[in-house]
Amino acid sequence: MDQEQIQINEAAEWFFFSGGPGAPRYGDDPTKHAVDHDSEAFVREVLQNANDQGLPNGDPVEVAFRFVTLRGDEKEEFLNGLGWDDGLGERMRAVADTNNGRRYERVVERVNDPDAEIRLLVVEDRNTTGLTGNWDEDSNYAALVRDELYSSKQDDTAGGSYGLGKSVLWTFSGASTVVFNSHLTHGVREDDSPRLIARSKFPTHQLANDDTTYQGAGWLCQPVETDDGPRPESFWGERASQLAEQLHVERPAVSGTSAMVVEFQDPTRDERPDIEDLAQEFVDASVKYFWPAIYRGDLEITVETSDEILTADVESVPAIRPFVEAYDERTTDAQTLVDPGDVAGLDIPVKLPPRADGAETPDGSVRLSARLASPADDDAYLNNVALFRGAGMVVKYYDQSRVAYGDRNFFGVLAAGEARPEGIPSESDREVDRFLRFAEPPEHDEWESTENLREQYQRGFRTALDDMFGTVRDGLRHLISKGSNSDSLSDNVLNRFPIHGSGNPRSTTSPADPAFEIDSSSRFNGDAWTISGRIEVLLEEFDGWSADISLTGVGEDGSRYDDIPIDSVEIEQSGVTVSYDDGCAHLVADETVNEVSFYGRSHSDEAADLVHGDVGATQLEILAELQTTEEDQA
Amino acid sequence: MQGEATLTDEQLNKYVEPMPGHPKADLDRIDSAVQQVLDEYQEYNTAIDGALAEDIHRGLDITRRTAGDPGLWHWLAVVRYPDLVRHRWEYRSEEAMREKFLGAGSDLYSNAIHRLWWIAELTSRGDDYSTTDAVFANQTMVNKVFDRWFARYQPAVQVMCDELEDEKSRVIDETTRRFNHALTNVQLEGLSEDEAREIIREIVAESQ
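Protein chains in written order, with my numbering: chain G, 1 to 634; chain B, 1001 to 1208.
One or more hints might be untrue.
If you want the ones that stay clear, here's a sample from chain B, every Cβ over 12 angstroms from chain G, calculated [claimed, not checked]:
#1 V1037
#2 D1039
#3 R1098
#4 E1099
#5 D1128
#6 Q1139
#7 Q1158
#8 N1180
#9 E1195
The calculated label-pair distances, taken between Cβ atoms and stated as ranges, are [what the hints assert, rightly or not]:
#10 A608/G / P1020/B: 44 to 50 angstroms
#11 D378/G / Q1154/B: 28 to 34 angstroms
#12 P267/G / Q1154/B: 40 to 46 angstroms
#13 K1168/B / A404/G: 46 to 52 angstroms
#14 G1126/B / G72/G: 39 to 45 angstroms
#15 R1064/B / A404/G: 20 to 26 angstroms
#16 D1028/B / H478/G: 41 to 47 angstroms
Because the hints were derived from the structure by calculation, they are not lab data.
We treat Cβ as the ideally placed atom computed from N, Cα and C, and that holds for glycine.
With the sequences and hints as input, model every part of the structure.
Put into structure tokens, the structure is as follows:
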């Protein structure tokens, strides 16, 4: 370590506000509990923050996740830079003794164990705004470094609007400590860049031999005195640069921020996964949620380990490819899906309520497209619709498997707001985008009615959302159901499940021109089957007709087996003769009879046992045949 | 179907796609078992089934879900072992032969190789294939039990095979038919193995 760096380190110190007597105490950081905290959520939140801070210059936002593992001397030097022995270590040992201290205790052990590694994760974004502004004003810097649950995002297309996403950085730090190194946008103190500061979020704590109660938040900084009291001040320029190098958070001199998570840990896991596995998970999660932004060229993501650099492109995650195709071809005129891989699409109208200030909002539409699945597709998100808007982040995969049937599985995309058009978004696209942004809860994983919507729009926002989703479901059904094949599944199902007891009325002519109307029923009365029915001739002119009535046992799989002999059939009308042949009843009617009602029964079967196959599903079959003057049989 | 044409890899490749889940198989074991059968058994000998079933089942280390994928069986029958299929099944009609090559999926009875695996799957108990062997020794059993829907419910199949092993064809025919009819009243999957055994024993007794 050279002389200059020692001076910097001496100038740097950990600064905590003192709450004073009676100040509220915090056992833990409340924002930690506000979102799910698996690695997928981490990637999603972090990328969303970077994506929102993109500069309006047409260039993509670049994000690199970089895993760094430190041991031995490197670890020592890093801990020196982080001020471990200048306050941080002491604080952490103090909070380790509090109620929520277990995780801190483990970090202290890891720091003190010469054989243990510590793990850093650097999230470096480029072509983003950087940490602009000062402590005492609304700014990026204050939102990230000072505030809780406070968002400075003013852009209507931004993904976030709660200021919650950044909290994952601390949640995934075993030491609840994050270091920021930022290069500011042109014109905003660019010449002083980089800017570096670290922030920890501990529970409220006290130190040994010190009665002061310290607030949880602390900063590795250069404290400055102001008229309003002491304030943490970030490091700038050369000093920041050198400290950044020591802390492995150095970055190229392009606008953006590097956030370094000290001792990266997934709080939902009890094991320490391999970096290689983590890296792959990061790629998968990045593509899963940001493929629209990646595909549109708005976002470039890499994941780096000491061994390799992985690129999160839309081709690298097979489960996502069908969605990309559905989006790519969303403007198709096709409304019919015939072969696997086909894409069809529909406009879904959206009617928005006026804004809260009474300003009218234009009606618009969102674009639904669906791609028919093929057996070759990865089916991880089969029958889901990816919902997203201009920010290019998939808000959720909306499960619509109830719409699918048979082999008509699909992958759907709902491209809303500024994600809808291929060219310049219309005024209504912008308004839909804005509306849906306010429809997202803090986790940004749903479009639903929220407090934000109530603040921003007049009554009707809930109906607008319900209507949109209702139309999406109907539209999806429309797209999926239309096959070229008329042999639809419903026919197959009906054939497989004949409705037992009501007979199976089948006239011998085509349904378009029925010669008979037949009703029938049968039931088992304890020792025999009773049957009844009505046969009516629908034609005016005929010479006479006949009908065969039979009862057949049916197996579980619909297979027919032996006939159940019919013992007797009674007819009320005259002009009809009944004969029996091998268990079947044969009716013959003359030309004066156009309707017959019958009642009958089978031979009784005293041994009838419901579980031994004596009595089971039975089919009553009536085959009727008409004689006409032309002698052709109907 | 009659073996008059040989398909080249080029013709086949566009129809071949990888199985999801990377199932494993010991194809060497099956190759040698198939070769042995082709060498030692006359054409159309039903004993081929019993001679192969255990090797097919042990050689294909797959889940039932994977076994439900028709593509696997199409590949085995059409690409890998077409000679076996034709050695075992005499060509009687295009439709019948089509079933032997291209049946599968929910139809356990049709595809020539699929049926061997499934019957072994449903009748073996761990490493014990004695029931499997007994079933294949009696083609009436194969036909009457495994061409029915209840053949998909293992407890019922195993009981049925145990109880019918030494019965005459007429009893096998009557029992399976009546059981199939009874299942229109009784929920098959609601039966325990013991309950199924009791019902089947009583039906067998009545059928004799």
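Taking the hints in turn, this is what the structure says about them:
1. V1037: Correct as stated: the minimum Cβ-Cβ distance to chain G is 31 angstroms, above 12 angstroms.
2. D1039: holds, 36 angstroms
3. R1098: holds, 19 angstroms
4. E1099: holds, 17 angstroms
5. D1128: Holds: least Cβ distance 28 angstroms, greater than 12 angstroms.
6. Q1139: Non-interface label stands for Q1139/B: nearest chain G Cβ at 19 angstroms, farther than 12 angstroms.
7. Q1158: holds, 18 angstroms
8. N1180: Given that some Cβ of chain G is not farther than 12 angstroms from that of N1180/B, nearest at about 4 angstroms, it is violated.
9. E1195: It is violated; E1195/B is separated from chain G by about 9 angstroms at its closest Cβ, not greater than 12 angstroms.
10. A608/G / P1020/B: 44 to 50 angstroms: Given a distance of about 49 angstroms, which is inside 44 to 50 angstroms, the answer is holds.
11. D378/G / Q1154/B: 28 to 34 angstroms: holds, 31 angstroms
12. P267/G / Q1154/B: 40 to 46 angstroms: Roughly 43 angstroms apart at Cβ, these two residues keep to the hinted range, so it holds.
13. K1168/B / A404/G: 46 to 52 angstroms: At 48 angstroms between Cβs, range holds.
14. G1126/B / G72/G: 39 to 45 angstroms: violated, 53 angstroms
15. R1064/B / A404/G: 20 to 26 angstroms: For A404/G against R1064/B, whose Cβ atoms are near 22 angstroms apart, the range 20 to 26 angstroms holds.
16. D1028/B / H478/G: 41 to 47 angstroms: Hint violated: Cβ distance 52 angstroms, outside 41 to 47 angstroms.
Consistency with the previously given hints fails for numbers 8, 9, 14, 16, ordered from lowest to highest.
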